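Peer 1: Respectively, the protein sequence lines represent chains A and B.
Residue numbering for the first sequence follows my numbering, beginning at 1 and increasing consecutively.
Residue numbering for the second sequence follows my numbering, beginning at 267 and increasing consecutively.
For the record, the hints were derived by calculation from the structure and aren't laboratory data.
On a predicted model such as this, the values are computed, not experimentally measured, just so you know.
Don't take each hint at face value.
PhoX-like cross-link-like pairs, simulated, lysine-lysine; straight-line CA separation at most 20 Å [to be verified]: (1) A/K178 to B/K435; (2) A/K108 to B/K635; (3) B/K465 to B/K403; (4) A/K165 to A/K87; (5) B/K465 to B/K555; (6) A/K12 to A/K108; (7) A/K58 to A/K12; (8) B/K435 to A/K180; (9) A/K108 to A/K87.
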Amino acid sequence: MSSKGKSNSRRKPKIGVFKFASCDGCQLSLLDAEDELLAVVGAVDIAHFPEASSAMLKGPYDIGLVEGSITTHSDAQRIQDVRRQCKTLVTIGACATAGGIQALRNWKDVDEFIRVVYASPQFISTLKLSTPIAEHVPVDFELRGCPINKLQLVELIAATLVGRKPNIPTYSVCLECKRKGNVCIAVTRDEPCMGPVTQAGCGAICPSYDRGCYGCFGPMETANSASLANHFHYLGLPSDRAVRAFRGFNAWAWQFRKASEESQRQ
Amino acid sequence: MTGRTIHVETLARVEGEGSLYIKMSGDRVSDIKLKIYEPPRFFEAFLRGRHYSEVPDITSRICGICPIAYQMSAIHAIERALDIHVDPSIRLLRRLFYCGEWIESHALHIFMLHAPDFLGYPDVIAMAADHRNLVEKALRLKKIGNALVRLLGGREIHPISATVGGFYKVPSKAELEPLTADLEWALQASQETVEWTAKLDFPNFEQDYEFVALRHADEYPLNEGTLVSNRGLNIDPAEYEDHFTELHVKHSNALHSIIRGRGSYLVGPLARFNLNFDRLPSIAQDSAKAAHLKAPVLNPFRGIVVRAVELVFACAEALRILREYEPPPAPICEIPSRAGIGQAITEAPRGILYHRYAFNDRGLILTAKIVPPTSQNQKRIEDDLREYASQLAGWPQQEATWKCEQAIRNYDPCISCATHFLKLIVDKEP
Numbered sequence: 001m002s003s004k005g006k007s008n009s010r011r012k013p014k015i016g017v018f019k020f021a022s023c024d025g026c027q028l029s030l031l032d033a034e035d036e037l038l039a040v041v042g043a044v045d046i047a048h049f050p051e052a053s054s055a056m057l058k059g060p061y062d063i064g065l066v067e068g069s070i071t072t073h074s075d076a077q078r079i080q081d082v083r084r085q086c087k088t089l090v091t092i093g094a095c096a097t098a099g100g101i102q103a104l105r106n107w108k109d110v111d112e113f114i115r116v117v118y119a120s121p122q123f124i125s126t127l128k129l130s131t132p133i134a135e136h137v138p139v140d141f142e143l144r145g146c147p148i149n150k151l152q153l154v155e156l157i158a159a160t161l162v163g164r165k166p167n168i169p170t171y172s173v174c175l176e177c178k179r180k181g182n183v184c185i186a187v188t189r190d191e192p193c194m195g196p197v198t199q200a201g202c203g204a205i206c207p208s209y210d211r212g213c214y215g216c217f218g219p220m221e222t223a224n225s226a227s228l229a230n231h232f233h234y235l236g237l238p239s240d241r242a243v244r245a246f247r248g249f250n251a252w253a254w255q256f257r258k259a260s261e262e263s264q265r266q
Numbered sequence: 267m268t269g270r271t272i273h274v275e276t277l278a279r280v281e282g283e284g285s286l287y288i289k290m291s292g293d294r295v296s297d298i299k300l301k302i303y304e305p306p307r308f309f310e311a312f313l314r315g316r317h318y319s320e321v322p323d324i325t326s327r328i329c330g331i332c333p334i335a336y337q338m339s340a341i342h343a344i345e346r347a348l349d350i351h352v353d354p355s356i357r358l359l360r361r362l363f364y365c366g367e368w369i370e371s372h373a374l375h376i377f378m379l380h381a382p383d384f385l386g387y388p389d390v391i392a393m394a395a396d397h398r399n400l401v402e403k404a405l406r407l408k409k410i411g412n413a414l415v416r417l418l419g420g421r422e423i424h425p426i427s428a429t430v431g432g433f434y435k436v437p438s439k440a441e442l443e444p445l446t447a448d449l450e451w452a453l454q455a456s457q458e459t460v461e462w463t464a465k466l467d468f469p470n471f472e473q474d475y476e477f478v479a480l481r482h483a484d485e486y487p488l489n490e491g492t493l494v495s496n497r498g499l500n501i502d503p504a505e506y507e508d509h510f511t512e513l514h515v516k517h518s519n520a521l522h523s524i525i526r527g528r529g530s531y532l533v534g535p536l537a538r539f540n541l542n543f544d545r546l547p548s549i550a551q552d553s554a555k556a557a558h559l560k561a562p563v564l565n566p567f568r569g570i571v572v573r574a575v576e577l578v579f580a581c582a583e584a585l586r587i588l589r590e591y592e593p594p595p596a597p598i599c600e601i602p603s604r605a606g607i608g609q610a611i612t613e614a615p616r617g618i619l620y621h622r623y624a625f626n627d628r629g630l631i632l633t634a635k636i637v638p639p640t641s642q643n644q645k646r647i648e649d650d651l652r653e654y655a656s657q658l659a660g661w662p663q664q665e666a667t668w669k670c671e672q673a674i675r676n677y678d679p680c681i682s683c684a685t686h687f688l689k690l691i692v693d694k695e696p
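All chains should be built: construct the whole structure from the sequences, respecting the hints.
Peer 2: Below, the structure written as structure tokens:
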């Protein structure tokens with residue numbers, strides 16, 4: 001990132017941060033790691049991170065952190081170039097990993113969406129679908145969350161630097177919730193809780209704040225979404241409510257997509 | 267004197283993606299485009315059909331830097347539609363929550379995005395090599411703002427506790443207490459930040475602005491007030507669309523806002539400070555006076571000092587609330603089931619944020635409209651650059667480009683928000 005202050009003779013690994021359609025929240029997580037930031041930047045060379053630096057060094061990069069989903073023709077081309085420049089490519093967050101909240105367009109007429117928001121639709125160029133990075137290029141690791149957990153990001157960078165697999169759990173939010181000793185929302189209340197099918201990582205925040213999980217970390221590895229959809233039905237929730245529960249920030253992840261489409265047919 | 271082109275392909279140290287193109291003929295700007303190429307995400311379209319209770323969770327995703335602003339404007343608009351009046355303790359907690367976001371966002375902008383311009387570094391990391399203490403102070407300030415947000419909202423980015431009618435869970439007085447010592451440190455650090463920013467080198471550049479901000483009967487504005495300007499505007503937030511309109515210009519995926527019949531205007535710290543100096547707590551007023559900062563501030567580069575004064579305000583206000591807070595009788599008030607339409611404006615760190623929602627008797631959204639601060643400042647930024655770039659006509663290309671970028675960062679633009687921001691192209695013409 002800088003020319004000033006560099007004295008190490010050994011080459012530091014270069015990290016690039018690349019943004020596609022997103023809210024910037026996941027890359028902000030790196031700056032939000034206040035206790036770890038100076039240590040991280042001591043161990044790596046942040047070579048490309050436009051949100052934080054006006055110095056933009058050319059690739060190749062050892063690690064590419066990709067935030068955001070692909071929603072335009074030019075971004076579909078740009079991700080190919082980013083992939084070519086990154087030895088290890090990691091997607092950070094629900095947009096890059098599952099298409100994000102903007103993937104709600106995938107069930108609608110995007111031209112109608114453009115007309116709703118913009119007075120001169122002819123100025124807007126966008127794709128019909130919002131798609132995750134892995135639908136375009138091979139991805140080495142996907143970090144979940146809307147937003148990601150900053151400590152998982154630090155773990156991922158540390159693991160990648162030494163060439164080991166990052167220690168990121170793939171079990172459900174329920175395990176984190178039990179460990180915290182929360183009363184189970186899914187079985188004690190008539191409201192949808194996405195915890196049983198959602199990957200851990202947030203620390204079961206929503207149930208700890210007295211509300212059902214709404215699925216920020218996307219489907220866990222072996223999510224039985226159909227069973228949870230049945231449970232919502234059993235609770236007497238209207239089918240449109242169940243559809244909306246699965247159509248959040250990870251709506252386009254296939255387990256959630258399938259469950260929402262099945263709920264819609266009911 | 268020949269003409270030139272200033273072109274910044276990727277604007278740095280701003281949130282989101284934009285570029286800048288300035289074409290000059292001699293010392294006159296012949297074309298200027300603050301181009302926002304951040305792809306559109308269509309929030310207003312896909313909010314339709316969602317239940318109003320889901321709206322704050324969804325709109326927070328417009329911006330990772332100021333999610334609370336998006337939650338607050340949404341919640342207030344929906345509560346106006348439902349004619350809900352929350353408990354005074356809930357009102358205080360929301361103000362406290364917003365103070366946390368202001369501290370986190372202002373500390374991020376002052377030290378990590380804007381200070382490198384004044385001190386001549388590409389970024390805060392390079393700055394840290396020579397100014398370690400300053401950067402450590404910045405990180406601690408930011409961390410304290412984030413700790414406040416995390417305590418009330420569960421996490422720093424896209425917090426989960428704010429909802430229509432209150433909070434899913436409210437803290438006890440004892441849970442808030444440990445924040446006091448940190449906020450007392452933050453208050454002092456903020457006062458030092460005002461002193462430090464006031465000593466930076468500012469270009470001689472003043473403009474005749476129309477400032478627009480909320481104004482409240484007795485508080486510095488955050489969540490409520492009437493919308494006022496220095497040119498006589500004084501309206502209820504519900505009348506916003508009668509007085510402001512959005513233009514869709516070809517070079518930007520963000521809409522340009524103007525005041526009907528007048529044109530560009532400025533929102534954010536400068537506007538708030540100039541219109542509400544008398545509403546600042548005395549400790550923030552004293553800080554400003556000691557730094558010789560007097561309203562009206564007409565030099566946008568001094569925005570960094572004003573932002574620091576607002577840091578003093580946010581810390582002092584948070585401490586006041588910690589002293590006065592008593593938990594409400596219930597975390598969420600009773601909510602009637604009815605159709606409605608409601609509008610609200612709150613003060614995001616970057617300026618006023620307008621939301622309007624209409625929903626049916628099942629609570630499902632029929633229409634949504636969101637006007638973020640950066641789309642309101644966009645035209646004003648172009649107007650500033652038109653003047654400023656001509657002042658820089660004799661400067662070397664690289665320095666002129668940097669200065670133009672800095673002029674944009676005066677506004678702490680959030681492009682992700684505005685698209686629902688910038689490459690710099692300075693085009694020299696013979």
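Peer 1: Run every hint past the structure and note whether it holds.
Peer 2: Evaluation of the provided hints:
no., hint, verdict
1, A/K178 to B/K435, "19 Å, holds"
2, A/K108 to B/K635, "19 Å, holds"
3, B/K465 to B/K403, "17 Å, holds"
4, A/K165 to A/K87, "15 Å, holds"
5, B/K465 to B/K555, "14 Å, holds"
6, A/K12 to A/K108, "46 Å, violated"
7, A/K58 to A/K12, "15 Å, holds"
8, B/K435 to A/K180, "16 Å, holds"
9, A/K108 to A/K87, "36 Å, violated"
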